[in-house]
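Asks: Now for the letters of each chain:
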Amino acid sequence: MSEHEYVPKSKAGKWFNDRLPLLSLASHLTDYPTPKNLNYWWTFGGILTFCLLTQIITGIVLAMHYVAHADLAFASVEHIMRDVNYGWLIRYIHSNGASMFFLAVYIHIFRSLFYGSYKSPREIIWIIGLMIYLLMMAAAFMGYVLPWGQMSFWGATVITNLFSAIPLVGDSITTWLWGAYSVDNPTLTRFFSLHYLIPFLILGLVVLHIWALHIPGNNNPVGIDIKKPSKDTVPFHPYITIKDAFALLLFSIIFAGFVFFAPNVLGHSDNYIQANPMVTPAHIVPEWYLLPFYAILRSVPDKLGGVILMFGAIFILFVLPWLDTSKVRSAVFRPIYRQFFWILVLDVLVLGYVGAMPAEGIYLVLARVGTVYYFLHFIVILPVVGYLEKTEPVPLSISEPVLSGSANYSMAKKDNEKI
Amino acid sequence: MKKFKLFFCILLSLTIFNTLKSAEQVDPIKVDWSFKGLLGKFDRASLQRGYQVYNEVCASCHSMQYLSYRNLGEPGGPEFSEEEVKAIAAGFEVTDGPDAQGEMFTRAGRPSDKFVSPYPNVKAAAAANGGAYPPDMSVLVKARKGGANYIYSVLVGYEDPPPGVTLDEGVYYNKYMIGNKIKMPNNLSDGLVEYADGTEATVDQMAKDVTTFLSWAAEPELESRHKTGVKVILYLVLLSILVFLSMKKIWSRVNPEI
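Heads up: the sequence lines are chains R and D, in that order. Position 385 of the first sequence, counting from 1, maps to 373 under the numbering used here, and the rest follow consecutively. Position 79 of the second sequence, counting from 1, maps to 87 under the numbering used here, and the rest follow consecutively.
This list has only true hints and no planted wrong ones.
Derived DEER-like restraints, expressed as beta-carbon distance ranges:
#	chain 1	residue 1	chain 2	residue 2	range
1	R	H57	D	E202	43 to 49 Å
2	R	I350	D	D104	57 to 63 Å
3	R	A344	D	G178	32 to 38 Å
4	D	L250	R	P223	20 to 26 Å
5	R	H57	D	E101	28 to 34 Å
6	D	K49	R	I203	52 to 58 Å
7	D	I186	R	I44	35 to 41 Å
8	R	T268	D	L200	34 to 40 Å
If you are wondering where the hints come from, they were derived from the structure by calculation, not from laboratory data. Beta carbons are placed, not taken as given, at the ideal position from N, Cα and C, and that holds for glycine.
Given only the sequences and the hints, what does the whole structure look like? Please build it.
Replies: Below is the structure:
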């Protein structure tokens, strides 16, 4: 783990460090050689850590005041909003924090897709990241159920019913998940319990994610292996910490904008109506960050098929490092892949849009085209493009231009600024 | 850049398509509320009048179970004086107990009491109103798409049904209501309440005042939220500038710079 041996200066420090090398760890983290050409898309790792900690801290406070009971949950949320000191602030940070968390994670994932950060030797980092993403979706879904509003209740009903599509044992599994014969108080209490557990699982995976990252070191916009430490790298502290801090502040301004001036714009107004099993809302929609998957689910006329495709859309990402056949990591040097990357971004945005619309007419057509294209991208386009594409010359190091001429690095740089 | 343009063209066309599709429904009237915008505040006098309308007109059917009488005197709300709040609360009969003998009893309301509901439960409320439960109004503004504009529009949107539309007994026609059918009769008429501050009680005035009151009830933190928000964002912007300058200085040691 350490590239150099660290010896504490003080005697007490040395005594402690010999028994538990925490100081060595701290030294490793501050000196960690990082490529000096990382752009702002690389600041989202730090931002995501901030998001996770924000959710955990505000969540712990909310749990002190929240009551997980079907008859009392909605009222307890109003109690937090009205009677708890700054309860409205804590709750709005938590509810908007979920959206900001997903915004950041999507940027983080697409950054990885663009610069090929998932490729060898970083497959394990990528897979742990996807596990974190899956847990995030589970945590967000269960968290949305807790206020026990109409969308909470009906969202939970729709999602848990997906499991009934499993042949033979589907209904039994659904009943087991509910702890009742419909979404009811037992469902709420177990969701609360799991919603409190999952963030700590995520935290554990984040440690593994960073550990795995520190073995090969960061990928970078040029996507080449670099010597560490060398003149291509800078120590993590203070160079990367200050840059992450600056990016985090800009992110916080947007975050604060939502919390203070539009705290409910990302939510659904129906969730301020207490859950009522007798009244179904006109349109049941999940939160915005799950909409692309919702669109995929509804694009298939068969329930089981829809469920398989929806989960498949995530699980296909697990084998992405082996689907991409290109030897070149960064899309900066991959003129064809670069185009398909942006088409994929557009495809996911369109899926998200139609996921919010009723599943009929033009929206259903768009959802189907979008779904087919999504899988086409990973199963056909990626492997084929990797073989056929003529990549541009890759520089030998970050500081030095390519051997065949000095144009490419500056081009790479220009390209980075553009995106 | 081309790709970005393509992006926005497609997204834009989707949006336009969507607006065309929902053009049959009447959009709520846009009112220039004083509490909109980054520095929006409630109109104190309008809140007090709105409470009067709520209390004299709406409260006979609609509960507001999450509000307490003390809220009426808190900063950022109608800001009735302490005596006024006590008097308002004392005007209600609250069921309390059980006492030492195990009996429930009634007493005059106190500022710490929750708003007294007109019906003992949802079923009783529905039964007394032709099967339609008059929704609790504590968070009503947040619970409706269109918020304050929608509530106001429904209050002034009663019309005779257009030819060809037949309404059942106890159902009324409303231009802005989803589906145009509403079980709440048009309860507002000019001069229905006599405002303590002498404002003329037109239907429009009462609808605006009570909507303002309901907006506050749904978001009692709105004013302090806006005030804190401005401070927080100013602080973050200043700190960003400082951190940006520090970053430039630190990175000036590295070549090429970021």
